[in-house]
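Spelled out from the first residue to the last, the chains are:
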Amino acid sequence: MSVHLTAEDVERFADGEAEERTIEQHLPECSRCATAVLAVMQMKRAIHEDVPRYSAPAALRARVMQATPTRTTASWWLAAAAIIAIAVASAVLVRSRNAAMHELVDLHTTLLASANPVDVISTDRHTVKPWFEGRVPFAVPIPDLSATPFRLIGGRVVFWRRQPGAYLLLGKAAHRVSLFIFPDDVVPRSIAAPREVTLEVWRSNGLAYVVVADIPPADLAPLRKAFGAPI
Amino acid sequence: MNERSHGASFEEMALPLFDALYNYARWLTGNLTEAEDLVQETYLKGLKGFGSFTPGTNFRAWMYRILRNTFLTSRTGLRAVPPISIDEEPELLEHMTDEETPEWHLLQRSSGEALRRAIEGLSLPFREVLLLCDVEEMSYKEIAETLSIPVGTVTSRLMRARQKVRNALRGMK
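Protein chains in written order, with my numbering: chain B, 1 to 231; chain R, 1 to 173.
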């Protein structure tokens with residue numbers, strides 16, 4: 001059994017400062033540490049996205065430009081600023097994709113290890129589907145899984161990127177599979193593939209489905225088909 | 001002198017940082033006029049001292065350091081610095097939780113406004129480390145360089161800053 005992360009490891013990992021493979025290997029199998037990492041990542045995202053950023057007033061910019069006489073033209077530095085802004089935005093985008101992916105994998109690990117992974121426990125889709133009504137802002141499609149190797153175990157509401165979504169816990173033989181369903185625009189267009197678990201995304205009818213599981217991607221095909229993934 | 005013989009000019013390097021430096025100044029001072037004065041002074045000092053900047057080293061950290069040092073010697077800055085070293089406070093960290101915690105819900109349901117107030121309520125050493133890391137997305141090394149503190153101190157301050165924000169959000173519920 002691997003040793004729990006220290007509080008500092010948790011911060012470093014969430015900040016993208018820890019390169020150790022041992023941490024990456026430990027997280028999928030430890031809900032305690034995954035929960036701690038998830039909490040830090042969610043705070044980082046909240047601060048990055050929701051804390052106001054103040055833009056410099058144009059008059060101040062003009063004043064400073066005047067005070068720092070330049071031999072280059074204004075249009076040159078505007079172009080340079082634009083190039084840097086694009087580079088920074090791309091870097092932020094890549095980082096936020098990775099963070100989003102880690103958050104979902106951590107959520108999956110945390111929920112599976114939890115004593116109460118689901119709030120509605122039922123193998124009957126006619127019980128689980130109406131349970132979500134009024135709890136998430138969309139109708140949760142739950143198809144008949146009897147022709148697939150998957151079975152429904154239950155569901156709950158989860159929050160990700162500050163949006164409520166549906167979480168379905170599914171079983172496939174001894175494996176447990178997490179299926180997250182969110183409105184299409186909540187899930188980034190591309191999510192970096194993790195190494196430790198299988199993570200697949202598909203979109204259908206205005207909803208995005210993210211499945212996290214410890215089974216090979218090929219085995220997920222019947223599930224994708226049942227939930228309307230484009231072929 | 002505003003141009004290095006073997007590198008870009010001060011303007012070429014400094015002007016793209018304008019908005020970010022202004023944002024940092026607003027968070028440090030909490031005041032519009034003071035932030036404007038601070039940015040203006042930073043650029044003047046940067047231009048004047050550009051001859052001492054070593055090309056190839058981190059220019060962004062260099063500019064942030066000038067801004068911060070200028071702030072620390074201002075009246076507001078002098079008041080903002082804690083009288084004792086915060087890194088030696090014998091403060092116990094909260095243990096990591098074993099089970100599903102209400103923290104996700106706490107954060108997901110806290111408004112941006114609540115978060116802003118929680119960060120504003122932090123003392124300067126915690127506020128700035130959190131802003132540099134999560135808003136400006138600096139690496140630990142860059143933060144350490146900007147604040148002239150060891151990387152290990154960056155980690156521990158960040159950990160405590162986030163814990164304080166969590167506690168503040170809980171208190172607002």
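No lab work stands behind these hints: they were computed from the structure.
These numbers come from a predicted model, not from an experiment.
One or more of the hints may lead you astray.
[Unchecked claim] Think about it this way: if two alpha-carbon atoms lie no more than 25 Å apart in a straight line, the pair counts; the simulated SDA-like pairs of lysine to any residue are: (1) R:K48 to B:A56; (2) R:K164 to B:T6; (3) R:K164 to B:M65; (4) R:K164 to B:R53; (5) R:K48 to B:L60; (6) R:K45 to B:K225; (7) R:K48 to B:A7; (8) R:K45 to B:M65; (9) R:K164 to B:E8; (10) R:K48 to B:A62; (11) R:K45 to B:A7; (12) R:K164 to B:R63; (13) B:K225 to B:R162; (14) R:K164 to B:H48; (15) R:K164 to B:R32; (16) R:K48 to B:P164; (17) R:K45 to B:A58; (18) R:K141 to B:M65.
The hints, checked one at a time:
no.: 1; hint: R:K48 to B:A56; verdict: 22 Å, holds
no.: 2; hint: R:K164 to B:T6; verdict: 18 Å, holds
no.: 3; hint: R:K164 to B:M65; verdict: 39 Å, violated
no.: 4; hint: R:K164 to B:R53; verdict: 21 Å, holds
no.: 5; hint: R:K48 to B:L60; verdict: 19 Å, holds
no.: 6; hint: R:K45 to B:K225; verdict: 63 Å, violated
no.: 7; hint: R:K48 to B:A7; verdict: 43 Å, violated
no.: 8; hint: R:K45 to B:M65; verdict: 14 Å, holds
no.: 9; hint: R:K164 to B:E8; verdict: 15 Å, holds
no.: 10; hint: R:K48 to B:A62; verdict: 19 Å, holds
no.: 11; hint: R:K45 to B:A7; verdict: 39 Å, violated
no.: 12; hint: R:K164 to B:R63; verdict: 38 Å, violated
no.: 13; hint: B:K225 to B:R162; verdict: 28 Å, violated
no.: 14; hint: R:K164 to B:H48; verdict: 17 Å, holds
no.: 15; hint: R:K164 to B:R32; verdict: 21 Å, holds
no.: 16; hint: R:K48 to B:P164; verdict: 52 Å, violated
no.: 17; hint: R:K45 to B:A58; verdict: 21 Å, holds
no.: 18; hint: R:K141 to B:M65; verdict: 30 Å, violated
In summary, the numbered hints that this structure violates are 3, 6, 7, 11, 12, 13, 16, 18.
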